[in-house]
Amino acid sequence: MKALMFGWEFPPHILGGLGTASYGLTRGMAEQEDLSITFVIPKPYGDEDQSFLKIIGACNVPVVWKEASYDEVERTLGGIMHPNEYYYYRDHIRYDYSRIGTNNIGCIEFSGRYPDNLLQEIDNYEAVAGVLAHSLEFDVIHSHDWLTYPAGIFAKQISGKPLVIHVHATDFDRSRGQVNPTVYSIEKRGMDIADHIICVSDLTRRTVIEKYHQDPRKVTTVHNAVDPIPNVEQFVKTPRKEKLVTFLGRITMQKGPEYFVEAAARVLQRTKNVRFVMAGSGDKMQAMIDLVAERGIADKVHFPGFLKGKQVTQMLADSDVYMMPSVSEPFGISPLEAMQVGTPSIISKQSGCAEILDHAIKTDYWDIDAMADAIYAIVEYPAIYQTLSKEGRDEVNRITWDKAGLKVRDIYNAVVYRD
Amino acid sequence: MKNICLYFEVHIPYALKRYRFFEIGNDHYYYDDFATEDRVRYLAEKSFLPANKILLELIQSSGKAFNCAFSLSGAVIEQLEQYAPEVIDSFQELAATGQVEFLAEPYGHSMASIFDMDEFERQVNKHAAKIKELFGKKPTAFRNTDFIYSDEIGEKVASMGYKTILMEGAKHILGWRSPNYVYQHAYVPKLNLLARNFVMSNHVTFEFSNTSWSEYPLTADKFVDWIAASPQGEDIFNIWMGYETFGAVQKDYSGIFDFLRALPRIALEKGVGFVTPSNLSNYQPVAALTAPYPLSWQGEEKDLSAMLGNPLQEEAVAKLYSVTERVNLCQEKNLKRDWLHLQSADYFRYMSFKNAWGSSFESPYDAFINYMNILSDFLLRVEAEYPTSIENEELNELLKTINDQEKMIAQLEKELKAAKKKKKEA
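Protein chains in written order, with our numbering: chain H, 1 to 419; chain U, 1001 to 1426.
Don't take every hint at face value.
Restraint-style ranges between C-beta atoms, simulated for each label pair [claimed, not checked]:
no.	chain 1	residue 1	chain 2	residue 2	range
1	H	P12	U	E1383	29 to 35 Å
2	U	E1383	H	A298	29 to 35 Å
3	H	W366	U	Y1029	24 to 30 Å
4	H	R113	U	D1038	31 to 37 Å
5	U	H1172	H	P216	26 to 32 Å
6	U	H1172	H	E33	26 to 32 Å
7	H	W366	U	N1210	48 to 54 Å
8	U	Q1082	H	D367	30 to 36 Å
9	U	R1018	H	F52	33 to 39 Å
No wet-lab data here; the hints were simulated from the structure. All values reported here derive from a predicted model rather than from experimental measurement. For glycine and all other residues, C-beta sits at the position ideal for the given N, C-alpha and C.
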């Protein structure tokens, strides 16, 4: 079976959890020998791991027929795509996209990020999908998140192949209910036209059914998994006298940073042997710094800023408690990463990952007392730290992407062979 | 002749209240009285009272051919006295027939037999005294919390004068043997061992209303026929279960009370009699059973792993029993009361990843956190009474001096008087 996937991010150049999940899922699905995946992203950098799938950069696919010499094409593509492949796509241009600004070889520039003209970039991506749908052979289309739904829909309309969309988040999660009507309409249209909808948690599945009015029969949960951390044993805890409690992620309304600070204030009333770290950045950062000062705990709460790659893993390994008090989290991969390095996690019940974890402490995001209680217990009672650390590590090591891949495959089979 | 030995455990753990860490040192009350009362009233009305009524009728109508045994934990006695005294009255009515035996057990439904034999003995004595006070007869048969049993515990119980002890008919102890015989202790021959027939007991407790069970529906006829059809020599059928089986685990509408009502009549018709554990104290045992490691009736494994199987449980229980001696030096009434309540094995089972049934906590971790917060406060109170900076022996000496001071003064005064008298005479 051949799958054509539309994504927005792919490691190593990622901006959020979407890239990580796309990579993990495709990697897990590649275990199935009779399945080949073509993964389209707006802008590849050439250093992506293509050992198990083929990556096509939308920025290298021509949408407007322009006369270009082999040398010119080769130079412009910069080695990321072979010129012959370019010419093959150019032969399959069926529509006139000259209204879109293109470069010397008829390709569109993509930022591959989340720029201000995001909607325009989504439209352009749809145009590229049209060319690809005419050029390639595939059995099923798989779109990751709302940015790529229009591309998936277009490919379905051209090819007549079934469309599966993968909901990694909805606008209800990002906005605490204050949805953007444009985003909502793109999401809704994608879901309406899709043959099947995959959600990353039951929480998201409920949102899709209730807020987007989808038929429950075509909505399935496939929980995310987590990739093993390479050389995990090198991340060990630096010995220190004080205990470390960490929040790590975007400091935005969705992530519930204020509950972390309030819980910290409660814990510090009782025990002085703890420090709190709020790593990351975001629009609520200044407000949090102010709140920390207001509570009089500025000497105990630290803001190291945005961490990257190995710094993140080391920070998690150094922590005694990892906290994710998200108000609404479709899945939330970070507690699983913390648990991989043996750090106990406290997560909100409003997180998708709470559905598959037993060896993490779960509280309501607003229940500051329960959170504070859990932090206090983990830093004061050694047995609960040790148990969460060991059992948690064992538990996440059993959550693997190949199992998730098989569930996605079942869905492919159902939509492809439904007649 | 084949006999059924019916025994019912009556126990309700105190509901612990949500106790956050910032209350440690401030709040010394650990119980959710509302939840406890609710539970006690529910069980009293749905289970204990109707079941007691039926048992009383059965005893009266069978011309004393029917009998059975109970054990009531210290916790449940106190709760019933407070919230449902009519249940105590109805147990007393049963006791007055002379056909109902009450067994001894550790007062606090505790695992003291594993950690501290002195504490264990104190609790058993306290419980036996309470049973004597309520029901007028000192128990002669013993059953440990959750049927915890080992050779060592058996030896201790025998040394306290008990002649019969109840244990789980665990496969790893019985081996090829049947539970339907009387056995004896590995090296204290005067102690008889009775083994629970957990297969038949569980048919009643867990499968009675299970429509997917191959033997559904379970009738008294069927149940007695199984017993009657057992191989010759298998004479004792130890059908033991929690009393809440009637009316709570198996609801009224399942017909469980009719089963209970019918069982004795049908058994007696088919020549199957009834015995209580003490009736079997002079019964000739067929063999000795060895149990080097403790077993219990909990979980699949029938060992202690339900209560002591993970590091959470181990830490909690170790912290609790680290202050046994100190608490027993204390005189403060509330402290001693809490000490007994906090030992209840249920609280440790709630921390189990496999056997936390009946827990009101969301997870074993939640149960652990709450218990440890309470225990931390309790330990602070013990510490305030007797600081850990003083060694136990030293403390003992000091206490002895304090406790004996009256006596000492009296004695010295006497001596003084005598000396004065002597002087006068001289």
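For each hint, the structure was consulted:
no. : hint                         : in the structure
1   : H:P12 x U:E1383: 29 to 35 Å  : violated (55 Å)
2   : U:E1383 x H:A298: 29 to 35 Å : holds (34 Å)
3   : H:W366 x U:Y1029: 24 to 30 Å : holds (26 Å)
4   : H:R113 x U:D1038: 31 to 37 Å : violated (57 Å)
5   : U:H1172 x H:P216: 26 to 32 Å : violated (48 Å)
6   : U:H1172 x H:E33: 26 to 32 Å  : violated (46 Å)
7   : H:W366 x U:N1210: 48 to 54 Å : violated (41 Å)
8   : U:Q1082 x H:D367: 30 to 36 Å : holds (32 Å)
9   : U:R1018 x H:F52: 33 to 39 Å  : violated (50 Å)
Going through the hint list in order, the structure does not satisfy hints 1, 4, 5, 6, 7, 9.
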